[in-house]
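A.B. asks: Residues per chain are reported as follows:
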Amino acid sequence: MENKNDLQIKKFKFKNITDNAGFSSFASAMMAIFFGLVFGFIVMLVASPPNAVAGMKYIILGGLGRLGDVFYFATPILMTGLAVGFAFKMGLFNIGASGQYTMGMFFALYVGFMWDMPDSIHWIVAILSGMVGGMLWGLIPGIFKAFLNVNEVITSIMFNYIGMYLVDMLIKGNGTMYKSTTTRTNYLPLESQIPSLGITGTNVNLGIIFAVLIGVIIYIILQKTTFGYELKATGFNKFASEYAGMKGKTNIILTMAIAGGFAGLGGAFAILAPSGISGSSMTYEPINMIASAGFDGIAVALLGSSHPIGIIFSAIFISYIKRGGTLTSLVGYKPEIIDVVIAVIIYFSAFAAIMNSGLSRIIKSRFKNKELSHIEEDEPETTVKSKDDNTKEEE
Amino acid sequence: MDNYIIEMLGITKMFPGIIANDNITLQLKKGEIHALLGENGAGKSTLMSVLFGLYQPEYGEIRKNGEVVNINNPNDANDLGIGMVHQHFKLVEIFTVLENIILGVEPNKAGFLQKSEARKKVVELSEKYGLSVDPDAYVEEITVGMQQRAEILKMLYRDNEILIFDEPTAVLTPQEIREILQIMKGFAKEGKSILFITHKLNEIMEVADRCTVLRKGKYIGTVDIEDTTKEELSKMMVGRDISFKVKKEKSKPKEIVLSVENLTVPSKIHKNNAVKNVSFNIKAGEIVCLAGIDGNGQTELVNALTGLEKASSGTIRLKERDITRDNIRKRSASGMSHIPEDRHKHGLVLEYKLEENLVLQRYWQKEFQKGGFIKFDNVRKYANRLIKEYDIRSGQGPVTIVRSMSGGNQQKAIIAREIDKEHELLIAVQPTRGLDVGAIEYVHNQLIKTRDAGKAVFLVSLELEEVLNVSDRILVIYEGEIVGELDPKETTPEELGLYMSGAKRNTGKEANDGK
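In order, the protein sequences belong to chains A and B. Everything in the first sequence is counted per numbering that gives the first Met the number 0, starting at 0 for the first residue and increasing by one. Everything in the second sequence is counted per numbering that gives the first Met the number 0, starting at 0 for the first residue and increasing by one.
Read the hints as simulated data drawn from the structure, not as lab findings. The reader is advised that the hints may include incorrect statements.
Claimed, not checked - Simulated coverage check for chain B against chain A, where a stretch passes if three residues somewhere in it have a Cβ under 8 angstroms from a Cβ of chain A: (1) 319 to 328; (2) 450 to 456.
Unchecked claim - To spell it out: a stretch of chain A is covered by chain B in this simulated footprint if at least three of its residues, at any positions, have a beta carbon under 8 angstroms from a beta carbon of chain B; those stretches are: (3) 220 to 229; (4) 242 to 254; (5) 338 to 345.
Said to hold, decoys possible - Partial list, derived from the structure: chain B residues whose beta carbon lies under 7 angstroms from chain A: (6) Ser-331; (7) Leu-359; (8) Tyr-362; (9) Gln-364; (10) Lys-369; (11) Gly-371; (12) Phe-372.
Where is the CB? At the ideal position from N, CA and C, for every residue including glycine.
Bound-form chain A, shown alone:
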């Protein structure tokens, strides 16, 4: 009898580790990163064998010397990552983060240029209006989804284009903002810029602090509040949430608006940042291109398993290897190599579920085989159950 109890305890401890959702998504992200780097290395070997090792070294370690810039470039994709991940928690695929991001940029720019305000609050108002711009662009697909059941993927892709062309048009038509000789807007006045963190030689600013804080706040909202409870329940099983009387439509609209707000903030953080890299911020160039930050956000959210804290780390990581990747040009590689690596990482993290269930299965079966003879089986029930589920779904 005692023997059995011991086993029971052992079993629980073991399960606590492998069944912990955080652990398994972390493990699978690590595996994805590893495979991505290996694949990148192979591509580099094929492209230019003698430089591959040096190039790989830059990718892995290059970011270390430029940590400030790592955080600077992480800020916008962290926010778009949250925009995608947050909506994904509710089962919505917000592919419109780019449009929301662009609207956020425009709103922030407009306030920065056109509104006369005391210096101390100008940048804050600019940030908040960026959020409003993004929210607006998330809200509309949300309304379409809730009331007309139009798929949010379609509307938000359309809103990417509508937002981008609209912003380009409005900027080109505005004499105060746009300077036709440089085909871009003027540089923002100093007082509407986000304060720098004052670390010399880098562009890191308060934006990253805000972004991380927002990530933590979302984590708290998702874990601790009734809104988060409803949101996740709806994402997992919308029928059960309806059965429990949750207001599905309101929640869809709210989620999309909040997600849009995050992307809008990302746009504001990007455009209002003080930067020594010319053209990377404080000015907007209307070139009829969808902002890549939105799509980077999808990558960030996938790698972070849509978990707010995971997204903080994955955004910083992706920014980190991107910085390193630009250095590979020193040994003759095109900087696109790093996009290949990131693509492979995302590809593998899409397999996350399969990989980590496989991994924990291997560990479990090892463990079980040793103790096989002692185990009192109460588990066949669960497997047969889940098999039943599958057949039900098939029908």
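Given chain A, work out where chain B should sit, using these hints.
C.D. replies: Showing chain B alone in chain A's frame:
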């Protein structure tokens, strides 16, 4: 030496970390009806999948007529003459009966179908065994009973001699059940061998020659039906004594809790109304059961009552308050509890922890939240109390992910949540579906306890035994109309079956008495 047609000897099938079949032996004699009995998850389907070549066992062998055979896929099984009627029919809905029967073994000349030949064979078979089907009817338009007969013909058409019936009576009316059992007996007389998977003990006692019992993946034993009793079988299956008779006092109905007047609900599938001008009421302290064959408007009626669907006309009153236009949350808050038909689809968020599921209807109440923040301490306390009171078993208590729990315990969690919530009316839709006898006993007792606590209970059930044993009053629904109101003490399964199939209805005065 007995003449076994199929022997499965020492079959062990392991899934990673789990032994689904542990050294199981099943020997099927030629010309017998052999029942395979076991609770959900006992390993019945795994064993049949092994026999069908869907799984390869780790240990053990299968013999046919004493010779070892290898069954690597369902085609091998078919070649050995093994056929199966699945619980959920595998028919192509938009094909005719005939097309379904020949599917996969179509007689053809140079690629052109030769249907007339096939039709002749099908008609012959259906006449020989009394399996009446219309070969040219489309499957989507025929009754469940006829679909099942089409499935049986499919096996006969392939000249199968070993026939597996997986819970064949689950969806049938009593008359149809009688028929199918007769047909099975006929097959056995013909020399065909039948494996009959079920958990209905009455049917085993009626038709089977022998019965093999599995429990938790292990082989418990094989018994001759002649020498055994229902009680003994159930004890073998569950491992403890089960009482079949539901013990309850006479009901003492009091004031009306739910009153429904002229309720009409449109159908989502077809143009007609799914529920047609239905009126009834339920009083405090009684269990009213809505009996009927699946798909006669029960789901729509319940959805209209709970607010999941909109009624097109009529009124619903709960405790004299008109709730027809209230949303789900408001109905729930004003005293309606609902054990849904599909516990995975509606009843639970499977990815959530047990404690989170236990507050699914209450997380917004003051006790569990303050300013939008969930009071997790209270949730934990509440969950622990329900787990103890309702005996919900799980691996890690309140933090167990519900998906990993067994079906019976998942249902217990829903029942605990709905019964513990403040309520005047409990709507329970097929609350025992897919559960084993032990869990069924538990559910019935909970329903009766709720009734005795002075609540009104509305039970929707497809199981006749449940209808007759648990309810105080029976309403029969047929094609969206309530065609009869019966007293369970005075009616018989046969009479109930006539109402359920629309052959009989009590009209006018009688039906109005209940209002």
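A.B. asks: Run every hint past the structure and note whether it holds.
C.D. replies: Each hint tested on the structure:
1. Restraint check on the stretch 319 to 328 of chain B versus chain A: 3 residues with Cβ-Cβ distances below 8 angstroms, three needed, restraint holds.
2. With 0 residues having a beta carbon nearer than 8 angstroms to a beta carbon of chain A, the stretch 450 to 456 of chain B misses the requirement of three or more and the stated coverage is violated.
3. Judged by the Cβ-Cβ criterion of 8 angstroms, the stretch 220 to 229 of chain A is covered by chain B as claimed, because 5 of its residues qualify and three suffice.
4. Check result for the stretch 242 to 254 of chain A against chain B: holds, 5 residues qualifying (beta carbon to beta carbon below 8 angstroms, three or more required).
5. Residue count for the stretch 338 to 345 of chain A with a Cβ under 8 angstroms from a Cβ of chain B: 0. That is fewer than the three needed, and the coverage hint is violated.
6. Restraint check, B/Ser-331 versus chain A: the minimum CB separation of about 5 angstroms is within 7 angstroms; hint holds.
7. Evaluation of the B/Leu-359 hint against chain A yields a held restraint, the C-beta minimum of about 5 angstroms falling below 7 angstroms.
8. Proximity of B/Tyr-362 to chain A holds as hinted, the smallest CB-CB distance being about 6 angstroms (cut-off 7 angstroms).
9. With 7 angstroms as the threshold, the beta carbon of B/Gln-364 stays out of range of chain A, its nearest partner Cβ sitting at about 10 angstroms, so the hint is violated.
10. Among the interface hints, the one on B/Lys-369 is violated; its C-beta lies about 10 angstroms from the nearest C-beta in chain A, farther than the 7 angstroms criterion.
11. At about 5 angstroms, the closest approach between the beta carbon of B/Gly-371 and any beta carbon in chain A falls short of 7 angstroms, and the interface hint on this residue holds.
12. The beta carbon of B/Phe-372 comes within 5 angstroms of a beta carbon in chain A, closer than 7 angstroms, and the hint placing it at the interface holds.
Hint compliance for this structure: hints 2, 5, 9 and 10 are broken, all remaining hints hold.
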